[in-house]
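Asker: Below, each chain spelled out in residue letters.
2 protein chains.
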Amino acid sequence: MLVVKKFGGTSVANKERIFNVAHRIEAAYKNGDDVVVVLSAMGKMTDVLIDQAKDINPNPSKRELDMLLVTGEQTSVALMSMALSFLGIPAVSLNAFQVAMHTTSNYGNARLKRIDSERIRHELDQRKVVVITGFQGVNKYDDFTTLGRGGSDTTAVALAAALHADACEIYTDVDGVYTADPRFVQNARKMKEITYDEMLELASLGAGVLHNRSVEMAKKYNVQLVVRSSLNNEEGTVVKERVKVERMLVSGVAADKNVTRVSVIGLHNTPGVAFRLFDMLAKANINVDMILQSTGRDDKKDISFTITEDATADVMKLLEDNAGRLDYEKLDYNDHVSKVSVVGAGMRSNPGVAAKMFECMYNSNININMISTSEIRVTVLIDEKDTEKALNAAHDAFGLEE
Amino acid sequence: MLVVKKFGGTSVANKERIFNVAHRIEAAYKNGDDVVVVLSAMGKMTDVLIDQAKDINPNPSKRELDMLLVTGEQTSVALMSMALSFLGIPAVSLNAFQVAMHTTSNYGNARLKRIDSERIRHELDQRKVVVITGFQGVNKYDDFTTLGRGGSDTTAVALAAALHADACEIYTDVDGVYTADPRFVQNARKMKEITYDEMLELASLGAGVLHNRSVEMAKKYNVQLVVRSSLNNEEGTVVKERVKVERMLVSGVAADKNVTRVSVIGLHNTPGVAFRLFDMLAKANINVDMILQSTGRDDKKDISFTITEDATADVMKLLEDNAGRLDYEKLDYNDHVSKVSVVGAGMRSNPGVAAKMFECMYNSNININMISTSEIRVTVLIDEKDTEKALNAAHDAFGLEE
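The listed protein sequences derive, respectively, from chains U and A. Heads up, the first sequence is in my numbering, so the first residue is 1 and it goes up one at a time. Heads up, the second sequence is in my numbering, so the first residue is 1001 and it goes up one at a time.
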């Protein structure tokens, strides 16, 4: 069996943890598996390198920043390979050049295009554990690139696809995907299985276990993912196309507090107004999530939308700078809001989920600001202070503790 | 003019020093030069990485150690490139893969075989400063290698040869090559010029300014070297094939305290005895320097030789283990000795130098243990405590202060 195992930065943060991971790899290797390991940079090393760069140049070129950052994963893989050798397990470390991992050319946020598997197969054929740098690639100019957030997960999934691996295991500090964040919902339950689509909704909603780029890629190439803990031997959660167990209406609930609601009040109620507004935001690279348009008075209308909290200042400035062009009466924003969502592949064929969600918010005395839905998700925007109450209410209402 | 400038680890040890170097590069760039920069790892980073490796595995594979160590220079070149950009100088960093710097396959002590100059020329054509990792290469397996001691100097010289550079400047913490070490000889004088051969003798004698591998390569490819300080704008010392100024008999004196004299006493005075001894040492990879054989009594003889001090324990053990085979009466060693040498291309045609050297040692009451000479060098082995006295005596006797 060929397995790709990915360990994040906290799992290799120091000598003790490196050996903890090495022992896990040893077990799989001695079990007869062919093992490919993908590692992130140790602990906070990437942040330290970014600080070091910004101390030299507050605006380093992205090309040079990637050249610097990739040393982080290279350090991890070399040390892990040494740890495995110490345990008597033959191992070889490879960076993005050596693999090679071909990406698009945009530094800091490149996309994987193609992976050469020849070198990896050659090393596996010699019964070596192959330890590969996550997060990084090489572009057509022979320069290092990095893949942006969630990059190492993406590397692992892409390798699993390229090598036709039997499994791709993502090791994290939690032991699987839960029906809700256990820090906020006491009776949250670990799921045995979840579909790609459900995971995508949960990932983009801030469940934080897997980055949605890696899940998208896993779905595209049908790579079966396993999310499990690097600290214990629990089974974890399998992410795949279809799940065998009878589908519940809702599989999980998630909250995201990194939200700001922006309201543009008193716009002219003429065609093209909404287009002008959102085209402007798109051109400024602002991701808009929920949108609500209300026509209350005469020939005026209000448009509200949500953005990530860190974009608030940029968006407000953009709107103020374009006051003349947009011709509104006033602006307003609130960053003390959060999104709470219920997700489930089962709701495709069941129209009652949204109503049940609104009902349970009402019963808990939680005011709903905005609503957004997809085929397998219902999201409400509420006051940030009500987040935990809303999570628990939805978790109970949909019977997720069972 | 195309110049290669090499800066060592202390020259890029922190932000202030990085900018100090960046300003020097800026001056050359604004002067219209095409500039290629070669850097070592920052300060003690290589040592820190070695410690980190040995903490994981006391005997890390050399392949993995090189994989780890090369992150050191890559960090330097990325940060330097950012510093140059900050000063408004377009720059690009390249590692051994990107250049590419092809080496032999032996990790930890590889030799440069070939340098591709295409990428560098392409970047220079765009008027960029090209900042290249010293000390490292890539072997035929696409693995990183390191060049061993003095590696970054060698990288710089090899690049200068491959690019047909007009100059190769080696920046160090001294401002040139001196007639003697100024710490020990007060009236030591900086030389304007020195030949490759003289520099080779001085380098191997522990003058410590340039590693002899880099000087050998400079001689082979006729690359004119300039040794100068990274801290001031002094002219430095030019190392080349022939020097223009009228040749002095002796150009410099040097001492090396990293020496142990080993004596094997009471060997049989039959053919093949010396061969057996030195063949054994050669097979154990021990570098033997001076050799003295004396026949005093009957059919017995004594052989003394010098080795580097750190090899003492290994050599003594080897000799003891082979006591039977070598059949000697006793062993003896002394690590409180040092070598003092006078070097000068001018002595080729002047037989009086050795005599003058012995005379000045005698006048200073310094006992000579052993003697060794080359075409352009006379070396004496003396008590370590007499080192400074001997250096000054020779420096005076050959009129080097002028």
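No lab work stands behind these hints: they were computed from the structure. There may be inaccurate statements among the hints.
Unchecked claim - Derived DSS-like pairs (lysine-lysine); straight-line CA-CA distance at most 25 angstroms:
1) LYS15(U) - LYS1128(A)
2) LYS54(U) - LYS1128(A)
3) LYS128(U) - LYS1054(A)
4) LYS1140(A) - LYS140(U)
5) LYS1113(A) - LYS1220(A)
6) LYS15(U) - LYS113(U)
Claimed, not checked - Now the in silico label distances, taken between C-beta atoms and shown as ranges:
7) ARG1127(A) - SER105(U): 17 to 23 angstroms
8) GLU1234(A) - ASP51(U): 32 to 38 angstroms
9) HIS1164(A) - ASP51(U): 38 to 44 angstroms
10) ILE50(U) - VAL1048(A): 27 to 33 angstroms
11) ASN233(U) - GLU1118(A): 50 to 56 angstroms
12) ASN1187(A) - ILE50(U): 50 to 56 angstroms
13) ASN1287(A) - SER117(U): 54 to 60 angstroms
14) ASN20(U) - ASP1047(A): 24 to 30 angstroms
Keep in mind it's a predicted model, so treat the numbers as computed, not measured. Glycine is no exception: its CB is placed at the ideal position from the N, C-alpha and C atoms.
Asker: Identify every previously stated hint that the structure contradicts and give their numbers, smallest first.
Answerer: 1, 6, 10 and 13
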